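**Q** Listed here are the chains, written in short residue letters.
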Amino acid sequence: MKARDQDLHTLAGAYAMDAISAPDRARFERHLAGCQECAREIASLREATARLAAAAAVPPPAGLKERVLAAAAATRQQPPAGRPAAVPLWRRRRRLIVTAGAAAAAVLLGAAVVSGISDGSMRDQLSQAQASSQQIAAVLTAGDATMMTGTVRGGGTVTIVMSHSRHALVFTAADLRPLPGSRGYELWLIGPAGDRPVTMLPPGRHDMTGPVVASGLRSGDHLALTAEPAGGTARPTTPMMLDVAL
Amino acid sequence: MDPAGGAPAKDSGASVPAPTDLAAQLRLVARGDAAAFDAVYDQVAAPVFGIVRRVIRDPAQSEEVTQDVLLEVWRSASAFDAGRGSATAWVMMLAHRRAVDRVRSVQKESERERRTAGADIPYDEVAEAVESSLERERVRRCLGSLTELQRESVTLAYYGGYTYGQVASLLGVPAGTVKTRMRDALIRLRDCLGVAN
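Chains Y and U, in that order, give the protein sequences.
Numbering (this note's numbering) for the first sequence: 1 to 246.
Numbering (this note's numbering) for the second sequence: 247 to 443.
Since the hints were made in silico from the structure, they are not lab data.
Note that the structure is predicted; figures quoted are calculated from it, not measured.
Note that the Cβ used here is the ideal one computed from N, Cα and C, for glycine as well.
Please note that the accuracy of each hint is not assured.
[What the hints assert, rightly or not] Restraint-style ranges between C-beta atoms, simulated for each label pair:
#, chain 1, residue 1, chain 2, residue 2, range
1, U, Thr423, Y, Pro80, 37 to 47 Å
2, Y, Gln78, U, Arg350, 52 to 62 Å
3, U, Asp304, Y, Ser21, 52 to 62 Å
4, U, Asp347, Y, Arg67, 14 to 24 Å
5, U, Asp267, Y, Thr75, 54 to 64 Å
6, U, Ala328, Y, Met148, 41 to 51 Å
[Unchecked claim] Residues from chain Y shown here face chain U by an in silico Cβ test under 8 Å; the list is partial:
#, residue
7, Ala53
8, Pro59
9, Lys65
10, Ile190
[To be verified] Rough simulated footprint, nothing fancy, chain U against chain Y, three-plus residues with beta-carbon under 8 Å:
#, stretch
11, 10 to 17
12, 46 to 52
13, 173 to 184
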């Protein structure tokens, strides 16, 4: 960690001269946000680069001032920072989703460990969990990841994080009403491409169900939930207990 | 050639600050004060155009980018934070960054051409096109106090618009070396120029 920070710190000169690629710039700015000393150093180096700019001063072409002043008169100004509009909405949404994702991953790991200890097939459970958590991470970190919540008729709430670019969603549910052993909850994608069964939901643990990944998401799909015979069915046979437009 | 005299007070009345105080002018601009913006233009247009043209080279594109930068100053004056540096440094950062972004977005097509063009920027050329001879002379002297590698790194990066990685391959030096030389060079320049911080 120390070495990495040190390494980042040597980028200060390149950063102050914009001699840095866009990804490096973003990385360095994250570092800056948590390093006051670095921010002070950058500020002082920027004063030096400003002098380099001043030394290159050349009178601008005639007529430019007129055009700039006219353009300014027709241009709306940004409100001061700190107002709600200053933070792009999607950024806040991403942060929310990352938090939700971390929570979902914690639940997943918890479920895998608990079930592994109780039924003795821990390794299988864990490798399944790992494959699944990679898929989950892919959805949660997608640029277009969107989180939705819904209420299940008959009891329970669901949280969905979907990404159309990944053609997938992550589904978790809380407080679903327990069903008799002969029946289970089945998840569906329903839309122009037809009704597709996603999976039977695993039994809930500690009132939490999932996370489950549904892939093959297409535009115009809805996510639906029904109670079906425990083995699952090819198409819904009972009324939908949840219907979310994706 | 007196930017201060060109700033009409107009409806801002007695609250108009000393015209050379760019930070105070920017605060007025943030409130939509057109007269203050007029004064800001007079103070920064020449260095903005100068650095943009030095990086971009093409005069027509430079003029276009200069206009964008100055409009950005008008639009986002409220984002200027005096606690994080001088007003001049803020404006020059906007200008340089936008010039560099423009160059990099078209760099793919003309990479070879720029490589030849950029590699031969001698530091003392900094002095040539400019009028404000005192400042120019001081910067020239301070650039002259750097080691050759430091000086080349700075001129290629700042005036040439190259990334440190590109500078490294132009100079045939490891990227890590260029990175540290750039930082060392700016620290020396800062101290030599007596930049207050």
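**Q** Please flag the earlier hints that this structure goes against, numbers listed from lowest up.
**A** Per hint list: 2, 3, 5, 10 and 13 violated.
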